[in-house]
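Quick mapping for you: the protein sequence lines, in order, are chains U and B. Just add 362 to the spot in the first sequence (first one is 1) and you have this note's numbering. Just add 940 to the spot in the second sequence (first one is 1) and you have this note's numbering.
In short, the hints are calculated from the structure, not lab data. Keep in mind that a hint or two might mislead.
As the list claims (entries may be wrong) - DSS-like cross-link-like pairs, simulated, lysine-lysine; straight-line CA separation at most 30 angstroms:
| no. | chain 1 | residue 1 | chain 2 | residue 2 |
| --- | --- | --- | --- | --- |
| 1 | U | K519 | B | K1007 |
| 2 | U | K392 | U | K505 |
| 3 | B | K1154 | U | K445 |
| 4 | U | K474 | B | K1154 |
| 5 | U | K505 | B | K1799 |
| 6 | B | K1154 | U | K468 |
| 7 | U | K506 | U | K484 |
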Amino acid sequence: MTAVPKPTVSSETDLRTLYRKWPDIRQFLKGMGCSKDEAEDIFQEALVIFVRKQEEPGFVLTVEPFFYVRNTCKLLWYNQSRKQNRQQTFALETDVAAMQDEWFEKEQRLRKVEKAMQGLGKQCRELLELFYGAGQNMVDIAKKIGLRNDKVAKAQKYRCLQKAKELVLNDPQTHVEF
Amino acid sequence: MLNFNPQAMNPELTRIIERYLNGELSETDKIAFEQKLSESDALRAALELQKTIHEGAKRSFQRQTVKQTGKRYHFRKKLIKAIIATSIAGAVAAAGWLVWKNTNALEGELSESEMAALIQQLDKLAPMEFVPNEYFEISSKDTVVLSENGVLLSVPEGAFLLNGKVYSGRKIVQWQEAMDASTIVKGGLSTMSGDRLLETQGMFGIQAFTPEGKKLQVNPKVGVYVQVPVDELKEGMQLFEGKPGKNGVIDWQNPQPLEKLPVSADMRELDFYPPGYEAKLDELKWKTGKKERDSLYLSFEKGVNYMGGQQPISILVEQSTNKTLNVHFEWLNSKEGLITASVDLPPGNYIVLDNVGNSASIDLEVDARFMTMLGATSATSAKTIELSDGTSAHGTNEISRKVRVNTSESFAVIGKVRYQVFDRDRVLATRVETFSLTIGGNLSGKELFEIKCATCHQPHKEATGPKLFNIRQTWANGGAKPGSIYKWVQNFENAAKTDPYALMVSRKKVTDMLRFPELQHTEIDAIFDYIDGISGDHIPPSKVLAFWNPKFNNTILATRDFEKRMRVIHNTCCKDVLEKYTNNLNKPLHEIDQMLVEMGYTEFSDFAAERVGGIQLDNPHMNNLAHFYDQAVSQLKEQVKKDKAFLRKLEMDWDRKLRKERSKETDRTAKRDAKALQEEYKLNLNNVYEQLGKPNPLVFRQLGKTVGFRITGNSAIYNIDKYVMDATVARQSTTITDATTGKTAQITYNDFSVSVDKPEQYERLFLYLFPKELNSFQRIDPKGKGVFDYPLNNDIQYDLAVIGINESGYFIYRKTGLNKGALGTVSLEKVSEATFNAMIEELNSGRNKKSMSITNELKWLAVEKEDYKVQRLRKEQATFRSEVRSAVFPCEEIGVEYDATAVDFR
């Protein structure tokens, strides 16, 4: 079984520390014409990217986490506002533009998949998250989401996967790529 | 669906791929699977899809972690905000701390994930499904919190019930707000009440839970106050209750009129001064400290008895059997006083004082608990000056007795004044007059009014005497001289002599005004203050300062809303208006506003329309505050009394000193003038006799010799005397012819004049003459502005000094050895007090060996000089106060200063 690394305590602490910078980020994004609601989505996405980037083998952080997250936010907002055909009032620095590598592109595709999967029922989504995200075993998962036992949970997992496939393949944002 | 791969949707395939990915396939199956994989693009795509879904699920999990961190962050942020909001609102001072403490406790009790789980659970229970939730943790105490959109929630103690009983533990309040159109539309909220469409200014959801997640009910008796920020308060806005209807559409029912929550603030941040008070002080560059400004404001308190405090000062002379007697009591220090009886005697009558006190005495009948007599009666004044022509100069005849006052209560003294009067021929029978005094601890303006004035006067109605309301103002407006009204009260005839306005008043009524010489001007002010105060035409400073105290935090008075009202209250100048608020702390502000509108104060109708509510107070708290308020008012009044009594004492001490010096000076001057006249007369007479070749009878008399001479015809010695006397008094050159011998004698007076340069810069100018041939010196007043014109005796050599004094010091011009001339305009030289004294002493003593002492004269001059400063300061103070006063009491007419200090009673 390929163990999915559980978010470490340190990464949780990191997240909390980073989240305290939210007012700065909001101000930062606001300065580039980003609304408050959009800004928090972008900030959270940047945090997801940060967490995931840290799990990449061989990744070494060369800047402060805060600057990494802030640059990511800028890149994300740059992409998003371009897509929305908004007037760009700012340009990307070279180092920020360079962040848009293959891995980053893949992450953006995954984001779409993730979004498509929000169409799953709550139980399904939790089950898959706990199994693939938190790496919990079926016995615990069954208990947590209120299923009779691990066998039922396992069967349910297949059904959920099947459903997820359907969603992803039928989503106009994602199906093109599969 | 270009790349749609039917294989991918095969459930069996999903299972196999899953097992492959999880490493659950046997070695052979695995090899077979990988073989197929290398052959089939479709299978590879299916595998890739499944892997992507795994990643997607993981990513979704990671996003949840991020989101929960976010929720946790916002939750904590709310708590901090709540603390800030609490301290801004200044609700319970300790509340901020309590909330903070709870945040910490929270971390101890509920872990990150437990909290997240609780919030997740509560999210599901939110009444408006698509509207974001906010959470506040609230302790058991009264708490005020601020939501994301600035909605203020005030959650009083006991606002929630658990299973019908008041819940006092910690609670999590869930709050939803949909205030803008986009949130309302996104939230799928309807704005329908039945079939009617509502115009909304926001929709809100509020629920509360225990930390365990049990739902709490709102306690209908207490309620939760919600204050919503709106750009404008639309008329007729009401609060609707939402009832979830079919299809999730909410129907809004049961409308209630809205009440605004008053905006609380700390007393220290609020401003209740009369509008313009601070601006005026800033303009005058007065001290900026709140303490100083409070105490200045308080000093304008009207109608308090200035003489109160520990020192009983008031005095009433109720009766004396004879109008020639005036009895008067004066404090020497905090315990001892002087009872003085002064007797008006007809000219020619006097009291002989032998300094043993046999011929005059004051006897008192008084309980020793109240007063003890110190020593015997002393007759310090009563100086009747006998002039050489046998007339007596008028002097005041005063007998006084020192007493010690042993109480601060008021008490009565019955006294007898016994004195014996003489005239030139005989000793009259001893006269005994009785009087009664009330030496009162706290005779207020009210008491004084009732005892002294009420028989003839009423505050607002014409009676035997005119109405007294605002009488000082009436006089000032009528053009009366400053201070004239006080003179009037003491003796109206004196006032009428010096002030045309008073003369006019004296002709108005048939009945004469009684005389009250015993009333001090502060007492007169106390009476007028009382009269002006009873109409309630002002807001007493004590009533404002009494509630302007942190004790009144968390009441309707400690609100920005009341602050706004206070400005209007000051302008009504009616303390009843203020009392409506201070007496109704438990009522919503708008109810009080409405009461005032009904009383006719329509300026409060805008306030009433705002519908600002109240602040809940439990009754014991309110009773405490009411009690505190009353106490504070009387304490503040007490404070004013003390302050004023202190200042008054300083003033009185100075005035007494000045009076003493002046009365001594009057005596001295009379004596000196008499002596100077006498001496000059003798000199002239000697001279005349010498010229006539006759012996001077006065010299013989003095030497005790007897000489006989003939009297022929009409020539009589007294004729010569009389001529000489007339010439001396008139200072005119005179030729006297002896009818018998035909010889003539000449008395010559030369013109002499001197004028002072820039006389306006001196408060006083005197010419001092030091005649070499006489012992006395002479002080001459200027005739016009800085001009002295005084004939000098040709037979005398004079030294002279022209002196000027003003607040800044002494100025002098000296000249020696002359008896005539026009000195023209001279300028005075500024000298120090010591130099000045030395110069004058030198002029005085250098001329002859028996020169009259000038030391007391110099002492008097020093006091007069000092008095200019005192009077100037008093005047400045009065001007300052009258300027500020117009801001403190906006309804009073401007430019009238009632403060006794404004008036100089010379």
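Do the hints match the structure? See the list:
Taken as a hint, the K519 (chain U) and K1007 (chain B) pair is honoured in the structure, with Cα atoms around 24 angstroms apart against an allowance of 30 angstroms. As the CA atoms of K392 (chain U) and K505 (chain U) are separated by approximately 44 angstroms, the hinted pair breaks the 30 angstroms bound. This hinted pair does not check out: K1154 (chain B) and K445 (chain U) have alpha carbons roughly 46 angstroms apart, beyond 30 angstroms. Of the pairs offered as hints, the one joining K474 (chain U) and K1154 (chain B) is violated, with about 38 angstroms between alpha carbons and a cut-off of 30 angstroms exceeded.
Under the criterion of a C-alpha separation no larger than 30 angstroms, the hint pairing K505 (chain U) with K1799 (chain B) is inconsistent with the structure, at around 108 angstroms. With a C-alpha separation of about 44 angstroms, the suggested pairing of K1154 (chain B) with K468 (chain U) is violated against the 30 angstroms cut-off. The hinted pair formed by K506 (chain U) and K484 (chain U) meets the criterion: a straight-line CA distance of about 13 angstroms does not exceed 30 angstroms.
When each numbered hint is compared with the structure, violations occur for hints 2, 3, 4, 5, 6.
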